[in-house]
Amino acid sequence: GQQVMQIPQYQHVQEGEDFTTYCNSSTTLSNIQWYKQRPGGHPVFLIQLVKSGEVKKQKRLTFQFGEAKKNSSLHITATQTTDVGTYFCAGRGTYKYIFGTGTRLKVLA
Amino acid sequence: EAGVAQSPRYKIIEKRQSVAFWCNPISGHATLYWYQQILGQGPKLLIQFQNNGVVDDSQLPKDRFSAERLKGVDSTLKIQPAKLEDSAVYLCASSRADRELYEQYFGPGTRLTVT
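Order-wise, the sequence lines are chains S and G.
Heads up, the first sequence is in the working numbering, so the first residue is 809 and it goes up one at a time.
Heads up, the second sequence is in the working numbering, so the first residue is -16 and it goes up one at a time.
For the record, the hints were derived by calculation from the structure and aren't laboratory data.
Here the structure is a predicted model, which is why all the values come from computation and not from measurement.
Glycine included, C-beta positions come from ideal geometry on N, C-alpha and C.
Do not rely on the hints blindly, as some may be mistaken.
Restricting the straight-line Cα-Cα distance to at most 25 Å, the calculated cross-link-like pairs of lysine-lysine (BS3-like) are [unchecked claim]:
no. : chain 1 : residue 1 : chain 2 : residue 2
1   : S       : Lys904    : G       : Lys27
2   : S       : Lys859    : S       : Lys878
3   : S       : Lys914    : G       : Lys27
4   : S       : Lys867    : S       : Lys904
5   : G       : Lys(-2)   : G       : Lys54
6   : S       : Lys864    : G       : Lys54
7   : G       : Lys61     : G       : Lys27
8   : S       : Lys914    : S       : Lys859
9   : G       : Lys27     : G       : Lys(-6)
10  : S       : Lys904    : S       : Lys914
11  : S       : Lys878    : G       : Lys(-6)
12  : S       : Lys914    : S       : Lys865
13  : S       : Lys904    : G       : Lys(-6)
14  : G       : Lys61     : G       : Lys45
15  : G       : Lys27     : S       : Lys844
16  : G       : Lys45     : G       : Lys66
17  : S       : Lys914    : S       : Lys844
18  : G       : Lys66     : S       : Lys844
Below, a sample of chain S positions facing chain G; criterion: calculated Cβ distance under 8 Å [stated by the list, open to error]:
no. : residue
19  : Thr828
20  : Tyr830
21  : Tyr903
Partner residues are not named here, just some residues of chain G that face chain S (Cβ under 8 Å, in silico) [what the hints assert, rightly or not]:
no. : residue
22  : Asp40
23  : Leu43
24  : Phe89
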């Protein structure tokens, strides 16, 4: 069945450094969503990508969807302590979303 | 608008006991999801409802888990009997199924500990 993997599993960065997490699906996706989960919290929707090669920006966050629609990335420029949490991608196959394994980000002040 | 409500927030039971979780989605949301999130992992879809009907329950352990969504609104998820490996956070989410954007809104979750 469809699998969605994310790398790295963990990332520790100094505040101000950049951060990138990569999401890879075993099958072609119709679209992909990104969520952020703070420690002890629940996933919160960040963005959705639909088109092949699509790039979207939200302030310091840049999201990309691969040309083959099988991979995606989230890049954070100049991390802040408020960026701490786990970032999940969720890839949609035919009719349901499969969540990735997540990348846990720690930001050291 | 009010968010997704779940209860209880925490539950501790012994193995072989039964437990039930309740979810009230955002008003007007046709699609409701139940996820299981084991510590350190991503949410795993257990069951997805579209109004009253089940869209997907391929990963629901049907010998012990059951779920229903009466009248296409509230939903309950039951585990009977519970096993140690059922210890997890159970997340309910809802989305508006009449739009292209299937953004999921998650509730706070129920943390289940099976001893």
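These are the hints, each one checked on the structure:
1. S/Lys904 - G/Lys27: This hinted pair holds, its Cα atoms lying about 11 Å apart.
2. S/Lys859 - S/Lys878: holds, 11 Å
3. S/Lys914 - G/Lys27: holds, 23 Å
4. S/Lys867 - S/Lys904: violated, 29 Å
5. G/Lys(-2) - G/Lys54: At roughly 31 Å apart (the allowed maximum being 25 Å), G/Lys54 and G/Lys(-2) break the hint.
6. S/Lys864 - G/Lys54: violated, 38 Å
7. G/Lys61 - G/Lys27: holds, 16 Å
8. S/Lys914 - S/Lys859: Distance ~31 Å between S/Lys914 and S/Lys859 Cα, so the pair is violated.
9. G/Lys27 - G/Lys(-6): Between G/Lys27 and G/Lys(-6) the Cα gap is close to 20 Å, so the pair holds against 25 Å.
10. S/Lys904 - S/Lys914: violated, 30 Å
11. S/Lys878 - G/Lys(-6): violated, 38 Å
12. S/Lys914 - S/Lys865: Cα-Cα ~22 Å, so holds.
13. S/Lys904 - G/Lys(-6): violated, 28 Å
14. G/Lys61 - G/Lys45: holds, 10 Å
15. G/Lys27 - S/Lys844: holds, 16 Å
16. G/Lys45 - G/Lys66: holds, 14 Å
17. S/Lys914 - S/Lys844: Roughly 13 Å separates the two Cα atoms, so the pair holds.
18. G/Lys66 - S/Lys844: Violated - the C-alpha atoms of S/Lys844 and G/Lys66 are around 29 Å apart, more than 25 Å.
19. Thr828: violated, 18 Å
20. Tyr830: Interface hint status for S/Tyr830: violated (14 Å vs cutoff 8 Å).
21. Tyr903: holds, 6 Å
22. Asp40: With a closest approach of 11 Å, the G/Asp40 hint is violated.
23. Leu43: Violated. Min distance 13 Å.
24. Phe89: holds, 4 Å
Checked against the numbered hints given earlier, this structure breaks hints 4, 5, 6, 8, 10, 11, 13, 18, 19, 20, 22, 23; the rest are met.
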